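Number of protein chains: 2
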Amino acid sequence: MHQKKEIINKLRSSNLRPTKQRILIAKKLFDKKETFHFTAETLNKVVNRKGQTKISLATIYNTVEAFKKAGHIREILTNNSKSYYDTNIKSHHHFYDPETKKLTDIDYQEVILKKIPNPPKGKKIKDLEVVISLQKK
Amino acid sequence: MHQKKEIINKLRSSNLRPTKQRILIAKKLFDKKETFHFTAETLNKVVNRKGQTKISLATIYNTVEAFKKAGHIREILTNNSKSYYDTNIKSHHHFYDPETKKLTDIDYQEVILKKIPNPPKGKKIKDLEVVISLQKK
DNA sequence: ATTCTAGTTTATAATTATTCTAAACTAGTA
DNA sequence: TACTAGTTTAGAATAATTATAAACTAGAAT
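As they're listed, the protein sequences go chains W and Y. Residue numbers for the first sequence, in the working numbering: 1 to 137. Residue numbers for the second sequence, in the working numbering: 1001 to 1137.
Read the hints as simulated data drawn from the structure, not as lab findings. Treat the numbers as computed from the prediction; the structure is a model and nothing was measured. Errors might be hidden in some of the hints.
[Unchecked claim] Simulated pairs of lysine-lysine, PhoX-like, Cα-Cα distance not exceeding 25 Å:
(1) W:Lys82 with Y:Lys1123
(2) W:Lys136 with Y:Lys1068
(3) W:Lys69 with W:Lys137
(4) Y:Lys1082 with W:Lys137
(5) W:Lys101 with Y:Lys1082
Hey, can you work out the whole structure from these sequences and the hints?
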């Protein structure tokens, strides 16, 4: 799917030097069929599975921040103490289960808004996110 | 508006012993005309303004947690590293300005949803929150 | 009223997530 | 091949929050 070349282009196009660490992290993030929800901690685990080349935690954080700024990943709203990120950068929504702390994507078309308020003066809407918290039935 | 008696009843009704600390914090939180958005830090400042009896930060955290569990306050979704709380416990929505990190209430009626997805099996919807992030025009 | 006890408060230590620092390293140009 | 700006790294620093355990107190029992 995502060959090394594509990944390198993606990095270059956002002014990120394609280092071996960034390429490896990008592979792990974007070489998935499905949307990937992660925290710095989980990404660190995935990237540094036994035997693989070691990438420092600082680089994990740096890269996540760089990818976020470049718009390759998005930060998700939760009321958890960790930051959650999503490889799905299309505007979409989430179910959040406070029990398991798991997020699930809700496709954009699954939520239709009939009315939204005007933003305050001097501001425009950057993003609109719906979070549906769940509980046991 | 909220006399001491009412506050004491509110505390008792949720099995919280009405201590002098809890009463004072409750006054600061609920004795307002408007909705109050706060973090542990801001609440600590409000409660411990010069001259007032000192309430420890640990108690601020304990009390916020207790009030949240009791349903007297709600935690708000943001992607900020601090936890934000709201004395408005009615279902409602927010504008979030990442620049100033300020939240503004959006009245419930200002957002109308035409379609929302079914929750996953075994789960029901606990809460639905819309967050509209802002940026400079 | 006095005593008792479980619940609460407190200062402080510990923990967790994240950011900073500054030295070592490397991609890519000259 | 050498250079330089960008990047990585280990580890220290910081920020927010939670845990600990000793002292205190509300309110029931005596």
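Task: Hint consistency between lysine 82 of chain W and lysine 1123 of chain Y [alpha-carbon to alpha-carbon, up to 25 Å] - done: OK: lysine 82 of chain W and lysine 1123 of chain Y at ~24 Å, within 25 Å.
Open item on the list: Run the distance test for lysine 1082 of chain Y versus lysine 137 of chain W: straight-line Cα separation, threshold 25 Å.
Closed with: Violated. Lysine 1082 of chain Y to lysine 137 of chain W sits at ~30 Å, over the 25 Å cutoff.
Task: Holds or violated: lysine 101 of chain W to lysine 1082 of chain Y, with C-alpha atoms at most 25 Å apart - done: The given pair, whose Cα atoms are some 17 Å apart, holds under the 25 Å limit.
Task: 25 Å limit on alpha-carbon distance, applied to hinted pair lysine 69 of chain W and lysine 137 of chain W - done: violated, 39 Å
Task: Distance restraint between lysine 136 of chain W and lysine 1068 of chain Y, which requires alpha-carbon spacing of 25 Å or less - done: holds, 19 Å
Checked against the numbered hints given earlier, the structure breaks hints 3, 4 and satisfies all the rest.
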